[in-house]
Amino acid sequence: MKIIIGGAGAVGTYLARLLSKDHMDCVLIDESAERLGGLDGKFDIMTLQGSPTSIRVLKEAGVEKADLFVGVTPDESRNMNACTIAHGLGAKKTVARIDNYEYLAPNLKPFFAEMGINSLIYPEVLAAYDIVNGLKMSWVRQRWDVHGGALVMLGIKLRETCQILNQPLKNLCGPDDPYHVVAIKRQGETLIPGGNDELKVNDLAYLMTTREYINYVRQICGKEHYADVKNVIIMGGGKTAVRVALTAPDYMNLKIIENDEARCERLNELLNDVDTMVIHGDGRDLGLLQEEGIQTTQAFVALTDNAETNILACLTAKRLGVRKTVAMVENLDYVEMAESLDIGTIINKKNVAASHIYQMMLDGDVSNVRSLMMVDSDVAEFIASDGSKVTKRLVKDLGLPFGVTIGGLVRDGQGILVNGNTQILPGDSVMVFCHEQNLKKLEKFFK
Numbered sequence: 057m058k059i060i061i062g063g064a065g066a067v068g069t070y071l072a073r074l075l076s077k078d079h080m081d082c083v084l085i086d087e088s089a090e091r092l093g094g095l096d097g098k099f100d101i102m103t104l105q106g107s108p109t110s111i112r113v114l115k116e117a118g119v120e121k122a123d124l125f126v127g128v129t130p131d132e133s134r135n136m137n138a139c140t141i142a143h144g145l146g147a148k149k150t151v152a153r154i155d156n157y158e159y160l161a162p163n164l165k166p167f168f169a170e171m172g173i174n175s176l177i178y179p180e181v182l183a184a185y186d187i188v189n190g191l192k193m194s195w196v197r198q199r200w201d202v203h204g205g206a207l208v209m210l211g212i213k214l215r216e217t218c219q220i221l222n223q224p225l226k227n228l229c230g231p232d233d234p235y236h237v238v239a240i241k242r243q244g245e246t247l248i249p250g251g252n253d254e255l256k257v258n259d260l261a262y263l264m265t266t267r268e269y270i271n272y273v274r275q276i277c278g279k280e281h282y283a284d285v286k287n288v289i290i291m292g293g294g295k296t297a298v299r300v301a302l303t304a305p306d307y308m309n310l311k312i313i314e315n316d317e318a319r320c321e322r323l324n325e326l327l328n329d330v331d332t333m334v335i336h337g338d339g340r341d342l343g344l345l346q347e348e349g350i351q352t353t354q355a356f357v358a359l360t361d362n363a364e365t366n367i368l369a370c371l372t373a374k375r376l377g378v379r380k381t382v383a384m385v386e387n388l389d390y391v392e393m394a395e396s397l398d399i400g401t402i403i404n405k406k407n408v409a410a411s412h413i414y415q416m417m418l419d420g421d422v423s424n425v426r427s428l429m430m431v432d433s434d435v436a437e438f439i440a441s442d443g444s445k446v447t448k449r450l451v452k453d454l455g456l457p458f459g460v461t462i463g464g465l466v467r468d469g470q471g472i473l474v475n476g477n478t479q480i481l482p483g484d485s486v487m488v489f490c491h492e493q494n495l496k497k498l499e500k501f502f503k
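Note that my numbering has the sequence shown beginning at 57, numbered continuously upward.
Simulated from the structure, these hints should not be mistaken for lab results.
For glycine and all other residues, C-beta sits at the position ideal for the given N, C-alpha and C.
Ranges of calculated distance between the beta carbons of each label pair, as one might list FRET restraints:
id: 1; residue 1: Gly343; residue 2: Lys192; range: 23 to 33 Å
id: 2; residue 1: Leu221; residue 2: Lys445; range: 33 to 43 Å
id: 3; residue 1: Glu317; residue 2: Arg91; range: 28 to 38 Å
id: 4; residue 1: Pro305; residue 2: Arg215; range: 23 to 33 Å
id: 5; residue 1: Ile439; residue 2: Glu392; range: 31 to 41 Å
id: 6; residue 1: Glu216; residue 2: Asp123; range: 45 to 55 Å
id: 7; residue 1: Pro231; residue 2: Asp316; range: 48 to 58 Å
id: 8; residue 1: Gly97; residue 2: Asp389; range: 14 to 24 Å
id: 9; residue 1: Ser133; residue 2: Asn163; range: 20 to 30 Å
id: 10; residue 1: Gly349; residue 2: Asp100; range: 50 to 60 Å
id: 11; residue 1: Glu268; residue 2: Gly93; range: 50 to 60 Å
With the hints as extra help, turn the sequences into a complete structure.
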């Protein structure tokens, strides 16, 4: 598969890094030699200096043979123009990064398709969705829903209160049990568990369940004492904070602390229709936090542009008694450190955007993909085609690649957990957990 990326910024470079692991035919275009410097040696990609809206440059990159063109420069209009030109020159699919929420309206999709733009991504909106989803469940680190929650994957940090520690999983997750453990992160290593493996204190465990058993999972994981989130303090008033405030449920009381006075005025304009308090000040100021009721706050969300500031602020909030903390960590070098410090949920916009783009690279019928940074894995929702390999044998006889687990499926709107004796049927939405870049290997099972 040939992919051309226009823009060697944060998202473009991260995406190129992912593609190099998959050994894709990838070309990264940027006008800045400095941004491109050394990337072709560091990753298995080709770099090309020039404008992604230049017909000459696009032709030099081989756009007429491109399966996917991605426009991810900082300029929204440029990305859209580049996609339109790339489509006109022969690119099969295109995706553009945008900054205008209005463009995401479902009724505009055919309009943009006529322009040659197949998909639009707004990283701040995607990140805000993840944050709000996490705030709704204070006891989970990560949550991923399929078909409106018919199936749910929960990433949970296990403490001493967990009831299912130190027992073989074969005794806990049988065919009739309402949850499956699909992955474990332990001391920096990812484990795809077998029946003889056990859960340990401080593991980050990923469990698959159905909507009606979420409270049961909460109970057995010892998380019933976690208070539901009602009061939230957000540090940093950027675009992601705005989208969080606009999409948070009505029962949550939000306060945004922003250091820039002019930005505070703008926030008051943008959030005029929602019940969110904007406070001018430094979110690291202990006196200000106590004045604004940190002691009765259930969640603290750090969304400044500085990863170190966000990590330190979350550590401070935890010390002051806040149970749920969320940190925006854009520098990937800090992600592992943030996890080791046990600060809570980590959000990375590059990772969220790349998951969306990666979905378009798969030939099979894939309707949803999430990249799980903390376990270097992907979760994907594949639709089983009529006559596909996955429908011809029981799951245990499929010969799935190493590092792949089928956690569940949705059939006629009903979530069903999968075991070795499950027979997948055509039309089933199948939730697959893939460790170490195995998604491409799975396509042949579903086509």
